[in-house]
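Engineer: The residues making up each chain are set out below.
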Amino acid sequence: MRRLARLAPLAPLARIVPLLLFVAAWHLVGVAGLVDPAFLPPPGRVAVALVDLLRGGQIGDNIAVTLLRAFTGLALGATAGVWIGVMMARSEVFDAYAAPLVGATYSLPKSALVPLFILWFGIGSTTAICATFLACLLPVVVNTHHGVATTPKVLVWSAQAMGFSDREMLGRVFLMHALPDIMTGLRIALGFSFVLAISSEMIAANSGIGKLIFMYGENGTYDYMFAAITSVVAVAFSADRALLAVTHRILRWHDSAVPAADAA
Amino acid sequence: MRPAGTVSDAKIEIRGLSKSYSTGHGSLLAIDTVDLTLAEGEFVSIVGPSGCGKSTLLYVVGGFLSADGDVLVDGTPIRGPGTDRGIVFQDYALFPWLTVRRNILFGLERRDVPQAERDAVADRLIGVIGLKGFEHRYPRELSGGMRQRVAIARTMACDPAVLLLDEPFGALDAQTREMMQDELLRIWLDTRKTVLMITHDVSEAVYLSNRICIMSARPGRIVEEFSVDLDRTLPREELVVSEPFNRLRNAVWLSVRRQAVAAAHADPG
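Chains S and Z supply the protein sequences, listed in that same order.
All letters in the first sequence, in the order written, are residues 52 to 315 by this note's numbering.
All letters in the second sequence, in the order written, are residues 1415 to 1683 by this note's numbering.
Read the hints as simulated data drawn from the structure, not as lab findings.
Backbone N, C-alpha and C fix where the C-beta goes; we use that ideal spot for every residue, glycine too.
A couple of the hints might just be wrong.
Said to hold, decoys possible - On the chain S side, residues computed to face chain Z include the following (Cβ under 10 Å):
#1 Ile-114
#2 Pro-166
#3 Ile-169
#4 Ala-212
#5 Phe-215
#6 Glu-219
#7 Val-224
#8 Arg-300
#9 Arg-303
What the hints assert, rightly or not - Just the calculated beta-carbon pair ranges, DEER-fashion:
#10 Z/Arg-1493 / S/Arg-303: 35 to 43 Å
#11 S/Pro-88 / Z/Glu-1555: 28 to 36 Å
#12 S/Ile-254 / Z/Leu-1442: 58 to 66 Å
#13 S/Ser-216 / Z/Asp-1587: 58 to 66 Å
#14 Z/Ala-1680 / S/Tyr-148: 42 to 50 Å
#15 Z/Gly-1483 / S/Asp-306: 51 to 59 Å
#16 S/Trp-134 / Z/Ala-1676: 47 to 55 Å
#17 S/Asp-103 / Z/Arg-1516: 52 to 60 Å
#18 S/Arg-303 / Z/Asp-1449: 45 to 53 Å
#19 Z/Thr-1437 / S/Ile-174: 54 to 62 Å
#20 S/Gly-242 / Z/Met-1593: 28 to 36 Å
#21 S/Trp-134 / Z/Leu-1442: 33 to 41 Å
#22 S/Asp-306 / Z/Gly-1465: 28 to 36 Å
#23 S/Ile-174 / Z/Glu-1555: 51 to 59 Å
Claimed, not checked - A partial selection of chain Z residues facing chain S, derived with a Cβ cut-off under 10 Å:
#24 Gly-1477
#25 Thr-1497
#26 Val-1502
#27 Asp-1505
#28 Phe-1548
#29 Arg-1554
#30 Ala-1565
Same shape as in the complex, but just chain Z (with noise of 0.2 Å):
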């Protein structure tokens, strides 16, 4: 199942993963015993319906959350966060206290970084997301679009091996989500590092991932998975519209409609 090209060593390697949380009336299972192994600068996508248990899959593998199985990095079972594994959430989660320059400079805080490669740091990455003029602004004074790339901007410049994803572009409008999508996919291409995206839209996992795994509902487990070889070098409009990027929207599409249905069935509420 793995795709062409990018395989090499295992970069993560969840292994039997479950998570259960304990409610009011009782224990609930979120994930049952996923399996799921990326490859160093592969770029998957797990996409399923609302509430299957995806951002919590994430947030375990981000350390943020502990749960039964094992989630190896580079062969090395996690403890709690960790600087190899940066993040990304759909609501940006930036510092409201500090500016755009130096929410990027956050995590360089605590590094032996000398000041002037702090500057060239963050003058680069301000530049790449295009936000020359706004470093001294506040959150606050932003729109979403440059929120979420001070926020893509602020894990970067910790150079993390492992990005994790969660909805990064849940809260954008159609036309700046796609702008942000272009920049991520040129941002990938460039560093190559291991991506691992949670998103419930079909057509940006299939533009973005080398391979996109779909979740059941409740409890969620892997069903599916897609490998994904598109022609990287097409411009978005040529590959949208392509025969082969439809037939696998489509595809995809079908695999999470059938567990949005199944979920609905199951859980009349």
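Bound-form chain S, shown alone (with noise of 0.2 Å):
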């Protein structure tokens, strides 16, 4: 305990080293010979390409494009899990409706649909769109659900014997105790939203990350592939994080809670 005490300020920089090893054995192989450069550019050339695609604001033009279909379907898909995982913990007849279409739907990759989104909404936003909102839709579902249902009896009872209605505990009771619960699925569902956003990109638009991913991979321009790719792994990783930080933030009062200087 004392050793982890007295690294603990080294933490942030610790955790970068296994990064920076990966960036160099990446560099090995190239300056070795094992994998043509060609397919895979070393670290250096993918550096440039970056700055040059960040210089020439194709980056952040489409990186701004697949946010805003990934945070709408995200959006969508959180708001209406939440509302379908409450009424099925809550009404027997809805859930009766419901499980079986979430049960059969859960596993189902939802980029297999994508296809299927063309044929009605062509090439574009409205496609991206609603393959994300199907994706994040069923973890906020499913965790929400489990949330709400086993909020504990005790709570159920002693806010009845304070006079509330079933109605009046929705937001102070069951949403709360869910909460932790919708905060996971959340996180789920932000990971789908760039994959489902992006992957759809790839075969279904004419803007995004993802079709700049997939343009210069058809060219050959590898290392340009690579800046691209690399920019969605920052951009992910930043908004997972920041998630991850209101979640501490708003689950205060959670067993999960530790405080912030331990936190991870």
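Work from the hints to combine the two standalone chains into their complex.
Structural biologist: Below, the structure is given as structure tokens:
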């Protein structure tokens, strides 16, 4: 414990070490000639391409388009997901209709539906948003349902004994109890939103970072393709960290909360 | 069988109450035709072996579970939970997302109470339970004893006429439990609410109650009643070593013991 405590101030730096080792290994593979540098451009060339794309504004513009699609799908999916999850947990009739649909579509790869959306909505944002919406919906439904359904009886009874109706308890008891689960669902959905927005852009859009990656891949300009991928990694990672920080803040009361200094 | 001095109108009447659960192996009778009347201001404990359905009885009186038979409060049959009956659970049942203060004020949220009065209620109750300085802590940051004090304060804030206590101190260590019993006794002597308490702690029942009902093992039936007529003005250390206290405690203990032994013979497993 004491050794860990002494290392604690170095922790943020220490976390970069594996990343640096990875980049070094990547570089060495190229230098040693293990892989044709045409197919695996060394990190230096990717960095140059990245700077070029950032200067030219291609990354900024396309990431903005992708984020707009991803977050629109996420917002719609999360809103509908919470609502459906609550309804499933609180209404047996609703659950009887929704549960088979959720069960059947839960493990379906939503990208398989993109060709269908192209047929209906054509090439562009609507298709990307629909795919993202569906992908984000299910993890939020399942987690919200679990959070609401596991609300301890004694909490419900306590509120009932204080005169609260089911409707009044929805926001005060059920949704609050489900909040940690909802945030878990939201984090999974956030990951899915990038996956679906980008993969549907690859086959069904004229803009977006997915389209950019696909285009450079088709052209064989792999250093630019890698640069675009790197920018996606950075943005997705930042979004996930931001969501974690928000989660940590609104779940201060929860057992999972740890003092800020210890938070990973 | 009613204790002297506290007899007045019946506050709670339980008439011919039976409760059965359906299980995978058919129907299971948890409570069998219980009749019990609590006078206004009376403190009644129900003691019995574990699994005898005593908590189930309390939940039926609370209106959380339905059962056959009648439960009347002030002569009116209950229809579900109501603000006239406040409940305190063994595992506190605090809202983990609310601070101590907001937990205590939870019940006033849906009532038309001016802010100044809310603040006064919260300040008074936080003082009563000795948690000044902890108002803005969350339940997870409190000890078991502190949580239970908050749970009692939260129920008292709604000022129910009847207090239902479900093994309220069962999860506390011995020292904390005694302190909490003294606090509850003081609150009860102050407010004279009608109390129905479930416990498996015989000394606790004798120390706090006017009357003790012994419940048999499943199906739960009230098999014996004891009136408690002890001098409440005595401090605990004198009372618990006094002859009347111990005579009654032993009698209650033997009665519960008989039920537990009978249960063990009837149900080897």
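Engineer: Compare the structure with each hint and give your call.
Structural biologist: Hint by hint, here is what the structure shows:
1. Ile-114: Where the cut-off is 10 Å and the nearest Cβ of chain Z is about 36 Å from S/Ile-114, the hint is violated.
2. Pro-166: This hint is violated: S/Pro-166 lies away from chain Z, its Cβ roughly 44 Å from the closest one there, beyond 10 Å.
3. Ile-169: 44 Å, violated
4. Ala-212: 5 Å, holds
5. Phe-215: Result: holds, 6 Å to nearest chain Z Cβ.
6. Glu-219: 6 Å, holds
7. Val-224: 7 Å, holds
8. Arg-300: 13 Å, violated
9. Arg-303: This hint holds: S/Arg-303 lies near chain Z, its Cβ roughly 7 Å from the closest one there, short of 10 Å.
10. Z/Arg-1493 / S/Arg-303: 35 to 43 Å: 39 Å, holds
11. S/Pro-88 / Z/Glu-1555: 28 to 36 Å: 57 Å, violated
12. S/Ile-254 / Z/Leu-1442: 58 to 66 Å: With a Cβ separation near 59 Å, S/Ile-254 and Z/Leu-1442 satisfy 58 to 66 Å, so the hint holds.
13. S/Ser-216 / Z/Asp-1587: 58 to 66 Å: Because 38 Å falls outside the window, the suggested range is violated.
14. Z/Ala-1680 / S/Tyr-148: 42 to 50 Å: About 46 Å separates the Cβ atoms of Z/Ala-1680 and S/Tyr-148, which means 42 to 50 Å holds.
15. Z/Gly-1483 / S/Asp-306: 51 to 59 Å: 40 Å, violated
16. S/Trp-134 / Z/Ala-1676: 47 to 55 Å: Taking Cβ atoms as reference, S/Trp-134 and Z/Ala-1676 lie about 53 Å apart, which means the hint holds.
17. S/Asp-103 / Z/Arg-1516: 52 to 60 Å: Because 55 Å falls inside the window, the suggested range holds.
18. S/Arg-303 / Z/Asp-1449: 45 to 53 Å: 49 Å, holds
19. Z/Thr-1437 / S/Ile-174: 54 to 62 Å: 59 Å, holds
20. S/Gly-242 / Z/Met-1593: 28 to 36 Å: Violated: the Cβ-Cβ distance is about 50 Å, outside 28 to 36 Å.
21. S/Trp-134 / Z/Leu-1442: 33 to 41 Å: 38 Å, holds
22. S/Asp-306 / Z/Gly-1465: 28 to 36 Å: 29 Å, holds
23. S/Ile-174 / Z/Glu-1555: 51 to 59 Å: The hint (51 to 59 Å, Cβ to Cβ) holds, given that S/Ile-174 and Z/Glu-1555 are roughly 54 Å apart.
24. Gly-1477: Holds. Min distance 8 Å.
25. Thr-1497: 4 Å, holds
26. Val-1502: It holds, given that the least Cβ distance between Z/Val-1502 and chain S is near 9 Å, below 10 Å.
27. Asp-1505: Hint on Z/Asp-1505: holds, closest Cβ of chain S at ~7 Å, below 10 Å.
28. Phe-1548: 14 Å, violated
29. Arg-1554: Holds. Min distance 6 Å.
30. Ala-1565: It holds, given that the least Cβ distance between Z/Ala-1565 and chain S is near 8 Å, below 10 Å.
Violated hints, in rising order: 1, 2, 3, 8, 11, 13, 15, 20 and 28; the structure is consistent with all others.
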